[in-house]
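A.B. asks: Chain residues, written in single-letter form:
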Amino acid sequence: MPDGMMDSSKTPASDRRGPGPAGSGGMVWLVVFPAAFLLVVFFLIPMFVALRYSVLSTMPFFDPDPSYTFANYIRVLTEPIYLRSFMRTAGYAVTASIISLVISYPVAYYLARRARRGALILLVMLIPFWTSIILRVFSWKIILGSSGIINFLLKTAGLIDLPVQLLYNRTGIIFGLVYTYTPFMILPLYATLGKVPRELLEASEDLGRNKIQTLWRVTLPLTRSGTMSAVILVLLACFGDVLSAQMLGGANTLMISSVIFETFMGGANWNVGSALSVIVFGTLLLLAAVLTWLGREVEHA
Amino acid sequence: MPAIVIGMAFFSAGMVFASETRELNIWTWGIYCPDFATTSFEAKYGIKVNCTFYHGNEELWAKLHAGHEGVDIIQPSNHMIHRFAKAGLLEPIDTHKIPNYAGLSEGFKKADYNIVNNRQYSVPYTFGIMGLAYRTDIIKEPPTSWGALWDERYKGHVGFSRNPVDAGFATAKYLGMDIAKLDTDIDAKLKTIKAKMRLLNPLLLKRFESLEEMKNLLATGDIWITSADDGMIHKMQLDGQPVEFVVPSEGCAAWIDQFAILADAPHKEAAYLWINHLLSPEMASRMIQKIGYMVVNKDASEALPADLAEIMTYTDAETRRLVPYPTLDPKTSEKMVKAYQDVRGE
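The listed protein sequences correspond, in order, to chains A and B.
For reference, each letter of the first sequence is one residue, going 61 to 361 in my numbering.
For reference, each letter of the second sequence is one residue, going 44 to 389 in my numbering.
Certain hints may be false.
Lysine-lysine pairs mimicking DSS-like chemistry, simulated, CA-CA at most 27 Å apart [said to hold, decoys possible]:
| # | chain 1 | residue 1 | chain 2 | residue 2 |
| --- | --- | --- | --- | --- |
| 1 | B | Lys374 | B | Lys224 |
| 2 | B | Lys198 | B | Lys239 |
| 3 | B | Lys153 | B | Lys381 |
| 4 | A | Lys201 | B | Lys278 |
| 5 | B | Lys198 | B | Lys183 |
| 6 | B | Lys374 | A | Lys215 |
| 7 | B | Lys341 | A | Lys201 |
| 8 | B | Lys341 | B | Lys153 |
| 9 | B | Lys341 | B | Lys140 |
Quick list of simulated restraints, FRET-style, between CB atoms [stated by the list, open to error]:
| # | chain 1 | residue 1 | chain 2 | residue 2 | range |
| --- | --- | --- | --- | --- | --- |
| 10 | B | Ile158 | A | Ser192 | 38 to 48 Å |
| 11 | A | Val184 | B | His108 | 43 to 53 Å |
| 12 | A | Ser192 | B | Gly89 | 28 to 38 Å |
| 13 | A | Glu139 | B | Lys153 | 40 to 50 Å |
| 14 | B | Asp230 | A | Thr191 | 29 to 39 Å |
| 15 | B | Tyr88 | A | Glu139 | 46 to 56 Å |
| 16 | B | Thr263 | A | Leu219 | 13 to 23 Å |
| 17 | B | Tyr357 | A | Phe103 | 26 to 36 Å |
| 18 | B | Lys183 | A | Ala349 | 25 to 35 Å |
| 19 | A | Leu267 | B | Asn244 | 58 to 68 Å |
| 20 | A | Ala96 | B | Leu281 | 19 to 29 Å |
| 21 | A | Asp221 | B | Asp350 | 36 to 46 Å |
| 22 | B | His108 | A | Ala349 | 57 to 67 Å |
| 23 | A | Thr155 | B | Asp350 | 49 to 59 Å |
If you are wondering where the hints come from, they were derived from the structure by calculation, not from laboratory data.
The C-beta atom is built at its ideal place from N, Cα and C for all residues, glycine as well.
Please take these sequences and the hints and turn them into a complete structure.
C.D. replies: Here it is as structure tokens:
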């Protein structure tokens, strides 16, 4: 399910330049087909399977004739553990998205507007992605550990006596989430910042606005929609994250993705797990829709 | 699209071809498929061994239901055999096809857990004890009770299993419960167990996802004391790490991993050959040294190298405190998963 949730984030981030150039309908289909095929097979069909399981009393392989029920949904909505884990995850996801945005916007701005070889620097930034994500998250264990680089530097500088606990708690998870998903924030921001017409910025400065005013009055409003898309992408990806939660999280940082995973794989209850997935998926879809609406380009602003 | 069609054609051709060649497909724990076992088997019988790994008994149960085409052998722990056999997944075992079966320790051969309707459905392989482990260089007074995990002095340096059943058994034993009778009155018992587990929340550094993670946390000194499997600790001791394993005074659970053959296994004869191969004294002895867990082969366990024998031998008093993993109602396991989520999500 967590993979499914990540996929959903791609839907709202659609381009809004309107219909493409009017070409032959056949060509368009040829281009669209592979993506549509993948979406249907790996996303829509599993979603409907989950939807069906979520209203069954038991799994078909235990009882070939299970009855239909809403008990799974009632259980998910009334047991406090599920809402509590969801809200905890929301806290991590929002914090990580905000930190990531604060880091990414200046970087993307520099790459798109200032750097002479922005695209090349971007490529270099993506090189670590050739390594497995598990390896990269694991390396944070070494960096943040009680005898890791950060604690070593702090200790050498005489700032601390005992190591600071950066791992196996909230801090560790947020480090992991920010690290994992910041590139997904930078890329769309880079694209959207690159689209701001240079003439508008020059016009603004010609009319006596300083750089900060130009950023505030021209660049930010023009990149609002793209920024919101980037935030939605990262926010939803954080909800689906399992790696940071399991490798960098602690004893009391249970996230909703782990709850869903265990409800299936821990042998607990596939029907309740399906109901939980459907509810989480629905909530996130709604959230993405609201955020997209908030980020829409306002006419005559 | 043509690429997909061609890919599918290759895939199905591969499947047909596979069932005709001499091979064996095993779903097992990561430790039970070492190179020395597969290469010697392939050299001896000309049968290729394919191993796929899982990380938990419940995960295996879920995977089997999601589809197990072509799979021959699975290696669940003892307490799962009744559930698997009653679901019609397993083939009854003909022990005559396993000459090395005679060399197994008597106490393990036939037991309640592997007999359903007078038929034996599995062959025991290894056993592991789920007790306590601690860093001998940090904790100077050796712990004897599960209560040591709840000791305030170790706050922030305590580890505990993320597995709901393992964690539940440990807490239940500490509370003096009979884990074989958890099915009766489970709701009331889980309430008590949860209350005890909650007290552990502020003391824990991490609930380890795997024994490998536990080993790393102990080795770095991030955790000083933890629930643990004996095999992993034995391996650390052999590496010269300052750790010690304890069978707590309240007793603890011990699992016995099995060999079972699936009812619709395509290579049953090869499956018997593999089981017999791994139960030979030579393979058993190499396996013990590789994984740190005891294989239930008599000759192999009596002929251990001295250093291993010293750390792997338990006193009679310790052995009496062990309780085999009980066969529980799946509903009880489900409730234990939910109870542990409640505690962890506080």
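A.B. asks: All hints are to be evaluated individually against the structure, with a verdict given for each.
C.D. replies: Now the hints, each set against the structure:
1. Note on Lys374(B) and Lys224(B): the hinted pairing holds, with a Cα-Cα distance of about 14 Å set against a maximum of 27 Å.
2. Of the pairs offered as hints, the one joining Lys198(B) and Lys239(B) holds, with about 16 Å between alpha carbons and a cut-off of 27 Å not exceeded.
3. Distance check on the hinted pair: Lys153(B) and Lys381(B) sit about 33 Å apart at the alpha-carbon level, beyond 27 Å; violated.
4. Simply put, Lys201(A) and Lys278(B) have alpha-carbon atoms about 23 Å apart, close enough for the 27 Å limit, and the pair holds.
5. For the suggested pair Lys198(B) and Lys183(B), the alpha carbons sit about 16 Å apart, so the restraint of at most 27 Å is met.
6. Between the alpha carbons of Lys374(B) and Lys215(A) the distance comes to roughly 51 Å, so the proposed pair goes past 27 Å and is violated.
7. Proximity of Lys341(B) to Lys201(A) is assessed by CA-CA distance (about 42 Å); at most 27 Å being required, the pair is judged violated.
8. This hinted pair checks out: Lys341(B) and Lys153(B) have alpha carbons roughly 15 Å apart, not beyond 27 Å.
9. Of the pairs offered as hints, the one joining Lys341(B) and Lys140(B) holds, with about 19 Å between alpha carbons and a cut-off of 27 Å not exceeded.
10. Roughly 45 Å separates the CB atoms of Ile158(B) and Ser192(A), a value that falls within the hinted 38 to 48 Å.
11. In this structure, Val184(A) and His108(B) meet the distance hint of 43 to 53 Å, their C-beta atoms being roughly 46 Å apart.
12. Taking the beta carbon of each, Ser192(A) and Gly89(B) are about 35 Å apart, inside 28 to 38 Å as hinted.
13. Range check, Glu139(A) to Lys153(B): Cβ separation about 42 Å, and the 40 to 50 Å hint holds.
14. For the pair Asp230(B) and Thr191(A), the beta carbons lie near 47 Å from each other, so the given range of 29 to 39 Å is not met.
15. The supplied range of 46 to 56 Å is met by Tyr88(B) and Glu139(A), whose beta-carbon atoms lie about 52 Å from each other.
16. For the pair Thr263(B) and Leu219(A), the beta carbons lie near 22 Å from each other, so the given range of 13 to 23 Å is met.
17. Distance hint check: the CB atoms of Tyr357(B) and Phe103(A) are about 52 Å apart, inconsistent with the given range 26 to 36 Å.
18. Distance hint for Lys183(B) and Ala349(A): a CB-CB separation of about 60 Å, inconsistent with the stated range 25 to 35 Å.
19. Hint check: Leu267(A) to Asn244(B), Cβ distance near 60 Å, so the stated range 58 to 68 Å holds.
20. Remark: the range hint 19 to 29 Å for Ala96(A) to Leu281(B) is contradicted by a beta-carbon distance near 56 Å.
21. Asp221(A) and Asp350(B) have their C-beta atoms about 39 Å apart, which keeps the hinted 36 to 46 Å range intact.
22. The supplied range of 57 to 67 Å is broken by His108(B) and Ala349(A), whose beta-carbon atoms lie about 35 Å from each other.
23. In this structure the hint that Thr155(A) and Asp350(B) lie 49 to 59 Å apart at CB holds, the actual value being about 50 Å.
In summary, the structure is inconsistent with hints 3, 6, 7, 14, 17, 18, 20, 22 from the numbered list given earlier, while agreeing with the others.
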